[in-house]
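**Q** The residues making up each chain are set out below.
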Amino acid sequence: MKLINLAEIKPRPGTQAFFRWRQIGDNAVLITNLEGNWLILDTAEFTQFARGEVEADSELHGRLLDKNFLRSNYDIQAAAERVKARKYFVHGGPLLHVMVVTLRCNETCVYCHASRANMDAVETDMSIETARKAVDLALSSTNGFITIEFQGGEPLVNFPVVKEIIEYATERNKEIQKRLEFTMVSNFALLTEDKLQYLLANKVQLCTSIDGPEELHNAQRKLPQTHNAFQAAAKWIKRVNEAYVEIGLDPTLYHVEALLTTTKATLDKWKEVVDTYVGLGCKTIFLRPVDPFGFAERARLRLEYPRGKYLEFYRNAVNYMIELNKQGVEILERYAAIFLTKILRGEDPNFLDNRNPAGAGIGQLAYSYDGNVYSCDEGRMLAATQDDAFLLGDVDTPYRKIVGHETIRAMTIATNLDQQPDCVNCAYNPYCGTNAAYNYKAQGSVFGRMRDNNVCAVHKGIQDFLFEKLAENDPEVMEIFERWTTIRPREHFVQEPGAAAELAEGETPSAD
Amino acid sequence: MSTDNQTSFTDIPEAVVSVAATDRSVSMVVDSELYPLQAVYGASYIFIDRCYVFIDRPEPGKYRVTLTAKESVEEAEALRQLVGEYANELLSCAWRHQVTQDNRVAIETVTVQAIAGAMGEPSLDDLADFDFTDEALDDPLGIAQSWEDKHGRKSPAEKEQAKAKVPEGEAAEATEAASTEEASA
Numbered sequence: 001m002k003l004i005n006l007a008e009i010k011p012r013p014g015t016q017a018f019f020r021w022r023q024i025g026d027n028a029v030l031i032t033n034l035e036g037n038w039l040i041l042d043t044a045e046f047t048q049f050a051r052g053e054v055e056a057d058s059e060l061h062g063r064l065l066d067k068n069f070l071r072s073n074y075d076i077q078a079a080a081e082r083v084k085a086r087k088y089f090v091h092g093g094p095l096l097h098v099m100v101v102t103l104r105c106n107e108t109c110v111y112c113h114a115s116r117a118n119m120d121a122v123e124t125d126m127s128i129e130t131a132r133k134a135v136d137l138a139l140s141s142t143n144g145f146i147t148i149e150f151q152g153g154e155p156l157v158n159f160p161v162v163k164e165i166i167e168y169a170t171e172r173n174k175e176i177q178k179r180l181e182f183t184m185v186s187n188f189a190l191l192t193e194d195k196l197q198y199l200l201a202n203k204v205q206l207c208t209s210i211d212g213p214e215e216l217h218n219a220q221r222k223l224p225q226t227h228n229a230f231q232a233a234a235k236w237i238k239r240v241n242e243a244y245v246e247i248g249l250d251p252t253l254y255h256v257e258a259l260l261t262t263t264k265a266t267l268d269k270w271k272e273v274v275d276t277y278v279g280l281g282c283k284t285i286f287l288r289p290v291d292p293f294g295f296a297e298r299a300r301l302r303l304e305y306p307r308g309k310y311l312e313f314y315r316n317a318v319n320y321m322i323e324l325n326k327q328g329v330e331i332l333e334r335y336a337a338i339f340l341t342k343i344l345r346g347e348d349p350n351f352l353d354n355r356n357p358a359g360a361g362i363g364q365l366a367y368s369y370d371g372n373v374y375s376c377d378e379g380r381m382l383a384a385t386q387d388d389a390f391l392l393g394d395v396d397t398p399y400r401k402i403v404g405h406e407t408i409r410a411m412t413i414a415t416n417l418d419q420q421p422d423c424v425n426c427a428y429n430p431y432c433g434t435n436a437a438y439n440y441k442a443q444g445s446v447f448g449r450m451r452d453n454n455v456c457a458v459h460k461g462i463q464d465f466l467f468e469k470l471a472e473n474d475p476e477v478m479e480i481f482e483r484w485t486t487i488r489p490r491e492h493f494v495q496e497p498g499a500a501a502e503l504a505e506g507e508t509p510s511a512d
Numbered sequence: 001m002s003t004d005n006q007t008s009f010t011d012i013p014e015a016v017v018s019v020a021a022t023d024r025s026v027s028m029v030v031d032s033e034l035y036p037l038q039a040v041y042g043a044s045y046i047f048i049d050r051c052y053v054f055i056d057r058p059e060p061g062k063y064r065v066t067l068t069a070k071e072s073v074e075e076a077e078a079l080r081q082l083v084g085e086y087a088n089e090l091l092s093c094a095w096r097h098q099v100t101q102d103n104r105v106a107i108e109t110v111t112v113q114a115i116a117g118a119m120g121e122p123s124l125d126d127l128a129d130f131d132f133t134d135e136a137l138d139d140p141l142g143i144a145q146s147w148e149d150k151h152g153r154k155s156p157a158e159k160e161q162a163k164a165k166v167p168e169g170e171a172a173e174a175t176e177a178a179s180t181e182e183a184s185a
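Residue numbers (full-length UniProt numbering), protein chains in the order written: chain E, 1 to 512; chain P, 1 to 185.
Worth double-checking, as some hints may not be accurate.
[As the list claims (entries may be wrong)] Partner residues are not named here, just some residues of chain E that face chain P (Cβ under 10 Å, in silico): (1) A56; (2) Y74; (3) Q77; (4) E81; (5) F89; (6) V90; (7) L139; (8) N143; (9) K238; (10) V240; (11) Y399; (12) T412; (13) D418.
FYI, nobody ran anything at the bench for these hints, they're computed from the structure.
Just so it is clear, CB atoms sit at the ideal spot from N, CA and C, and this is done for glycine as well.
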């Protein structure tokens, strides 16, 4: 890309209101403003704008006026409304409550060491008493929406406690009346028909991990008995999707979603990854880079890669997904959907790791098997490596002491992009976020340094790609992007107070 | 740190950095006009898991930061990396210090809303633990009193009250003191 020479443009104050800018092509410059409006200008237009010399009766003037980029006509009220809409989550309180019901796991993954235990380590199971206290704490949240997410280890290993949490939370919610949901992240290998029927009856949303095609998945996720973790997951993805149809749910909305962990071995397999997900009936791929939590230094060398390589992988995979969409295949990339929702709709989908400020403590809490409570799941994983930086207390600690903890205040400030060098001047500021636990682990402080920060590199790279696509303005791609940002709420998964207990009695599931 | 063993890095100005290779430590001199002390503290703190960090002032207007690696550092290259990382972190901290001052109101507003929103209103149990006594307002040393209240001329009624409170043996001294006070006022 031929870089713009600002010395030639000679920018000076004039008709412009506050703006940030970033060159995204040879003849394309993105400008964004405080409230997240954006325009893509060609170099000549940007030169006029930067010099403050836009003619009042020009077409460019009209476009700038429409998006609130002109000082003389700056609509403060409209800007305030947009900022308010984008920041609706700030005062909401924790809605995601990650419950690690056990560290025991039946699979051994190459990127997960610290936050798992062998199957005989029963001392890493959450007790019924701890589980009830965790639920009490979660339901103390000020947020009217509560999602309890079962994690591990493998949560199906400690299924009695999963059931206890579901039934106790539902019972308590009769009185509290929050919008309560349950989700489970499982490798499915220990799923049985009885357990599935219980989870369906109690409206537990199911999610699994697929690391790509069968050979790659099995190389990264070792399942001792059958040595085929992929087939175990694939079998149950198919069965769960069938079961959703059996109970009358729309399969385009209700289906199992899967999470990808991108390692060095994944990078060349972008097409195979997408084809695998489509083949399994998934409508979403979340192309997550591997994170630095939970694995040893020697594993890092084997799994990690420069983020430039990841971004090449990302572009190839998403371009391929766009082509598939053009052919009628419904598949979206989660990162893209999160950013595009902010860019195109001016709304925040409240993805807790990518919002400003981030959700640690003020949007989520993580409850470890032993009753310790952390600001986020990454904080819990760090504790597994003997670093309690993000420990807030335990399930006996009063709720207000947990969320009022000084660590939460520090993380809230650290993930506020208005205090972050680089971010304050970045054109992507209105759509972006940083992760304090990642910064701490990778760069030694909750603030981090964005210039050499991997999360920043990924976020910038993905937004570069998306804005390049928006600059191309291909009607077919724009229609696909519109679809990716259309949020259809899955109302089925919202618990009706009282319903779960009745279903549990009626079904009397025998699992475990 | 001995200067006999110093090496220099070709890509870092010698006036800024000196290295004592045998000590496995590196010292940097930082201009206090360019970098606020808070930034020096912030950047130094990042290194305490890897290094022992010492800060002193070799001369007015300069900070000296000495990083001594906890694990053995065999090569000058590893020390150079420490210097480079420290310099980058220092710049980041200094710039964030400025940005934070510029945007203090916005940052505080968002933080207060986020924490207050997550905590919610205190419950009756929380209020039960709250200290409602006015002990915190007690002023045994009279710090909150005005000079006039504490040392100024007493009214005749106050003098009488003071006399009445003083035991007989001390009454004469009290009268004498009051007379002296009147004379000097």
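**Q** Please go over all the hints and tell whether each is borne out by the structure.
**A** Status of each hint after checking the structure:
1. A56: Constraint on A56(E) not satisfied, violated at 32 Å.
2. Y74: 18 Å, violated
3. Q77: 18 Å, violated
4. E81: Status violated, d = 17 Å.
5. F89: Check passed: Cβ of F89(E) comes within 9 Å of chain P, closer than 10 Å.
6. V90: 5 Å, holds
7. L139: At 13 Å from the nearest chain P Cβ, L139(E) fails the 10 Å test, so the hint is violated.
8. N143: Interface hint status for N143(E): holds (8 Å vs cutoff 10 Å).
9. K238: 40 Å, violated
10. V240: 34 Å, violated
11. Y399: 8 Å, holds
12. T412: Holds, about 5 Å.
13. D418: Holds. Min distance 4 Å.
When each numbered hint is compared with the structure, violations occur for hints 1, 2, 3, 4, 7, 9 and 10.
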